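Q: If you read the sequences in order, they're chains A and B.
Each residue of the first sequence is one higher than the one before, starting from 1 at the first, in our numbering.
Each residue of the second sequence is one higher than the one before, starting from 1 at the first, in our numbering.
These aren't lab readings, by the way, just hints derived from the structure by calculation.
Keep in mind that this is a model prediction, so the values were computed, not measured.
The reader is advised that the hints may include incorrect statements.
List of simulated lysine-lysine pairs, DSSO-like, C-alpha gap at most 30 Å [what the hints assert, rightly or not]: (1) B:Lys125 - A:Lys20; (2) A:Lys20 - B:Lys27; (3) A:Lys79 - A:Lys20; (4) B:Lys27 - A:Lys118; (5) B:Lys103 - B:Lys114.
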Amino acid sequence: MENNHSPFASAYLRFLQLAKVVQALPEGQSIDANESALLQSVVLRWYENQPMSVREAIGLAELGSPATLHKRITRLREKDLLNTLNQEGDRRAKFLIPTQRTLDYFQHLGRSMHQAHKNPIA
Amino acid sequence: MINSVRHVFETTALTMISAVLFVGFYKLNDLIFSIFEYSDGINWVFLPAGFRIVLVLIMGLPGALGLMLGSWFIDRDLFTENAAALAFLNGIVGGLTPWLVMKLLIHRQLLDRKLESLNALLLLKMTLLFAATSALMHQLVWLVLDRPHLNIWVDIWPMFIGDALGALLMLYGFKFVLDRVGTRPSLRPH
């Protein structure tokens with residue numbers, strides 16, 4: 001069915017379509033599935049009020065070897081997704097905590113899930 | 001009757017908006033990237049090239065006509081300096097080339113009028129295609145009109161790179177703004 005929109009309406013609808021595509025443009029700082037899995041584990045522990053230490057994170061054998069996980073933590077820190085926090089009284093123990101950027105990202109995921117639940121057909 | 005008047009009014013308004021945006025960003029480009037000027041009319045970074053893509057995709061023919069008017073406005077001095085043909089064809093090429101490329105893509109069913117089939121990869125490919133055709137057509141016009149000091153095989157590259165870089169900067173600038181004003185954060189998993 002062909003809709004005869006006015007020039008303004010057509011332009012606006014195409015603008016919305018283009019905006020969607022522009023937002024999907026690839027960017028250098030996307031995260032892969034492995035980084036995402038590690039980030040989720042760290043954030044879950046933080047959410048449970050038991051922040052994960054770096055030592056614990058590199059010991060998550062199901063996600064990779066300690067050397068691989070160490071590099072992955074470094075990448076997540078470089079992407080401003082994880083911060084480290086030193087425990088008071090013990091500067092050797094470093095804990096991993098999410099940054100505001102990570103919290104925004106999870107908030108977006110939650111909102112999308114809610115929206116998908118509300119409009120299952122869309 | 002009322003509908004057709006409204007149609008003409010809206011088409012004219014879109015054409016004028018397109019012209020103003022193109023001229024505005026041409027001036028801004030002059031202000032920011034003048035140090036990257038390769039030669040008269042060619043810049044290593046040409047932001048308005050991004051508007052060529054965006055305006056033609058969004059507005060269609062009125063967008064292209066606006067680009068043409070904008071180009072004529074920028075080259076207005078040439079009309080009085082015995083270079084009217086150059087200024088006239090610059091406008092035609094600058095405005096209509098992206099529109100013709102879009103028409104060709106629609107004709108070959110690689111794109112549709114409502115942009116429903118447009119995706120990020122196709123947009124990036126189109127950016128390069130628009131930059132290449134625009135650079136080629138401008139150089140051909142200048143060759144035909146015997147523009148002084150022209151070396152098409154050398155000059156076409158800065159023009160192509162400038163258009164492609166400018167368009168990418170514009171698109172990613174647009175993305176930066178959308179990511180911050182919209183609901184979607186910039187971080188996306190693969």
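Q: For the pair supplied as a hint, lysine 20 of chain A and lysine 27 of chain B, confirm whether the alpha-carbon distance does not exceed 30 Å.
A: Holds. Lysine 20 of chain A to lysine 27 of chain B sits at ~28 Å (cutoff 30 Å).
Q: CA of lysine 125 of chain B to CA of lysine 20 of chain A, is that 30 Å or under?
A: Between lysine 125 of chain B and lysine 20 of chain A the Cα gap is close to 17 Å, so the pair holds against 30 Å.
Q: With a cut-off of 30 Å on the C-alpha distance, tell me whether lysine 103 of chain B and lysine 114 of chain B pass.
A: holds (12 Å)
Q: Does the alpha-carbon distance linking lysine 27 of chain B and lysine 118 of chain A stay inside the 30 Å limit?
A: Distance of about 47 Å is beyond 30 Å: violated.
Q: Given the hinted pair lysine 79 of chain A and lysine 20 of chain A, is their Cα-Cα distance within 30 Å?
A: holds (24 Å)
The structure fails to meet hint 4 from the earlier list, while all remaining hints are met.
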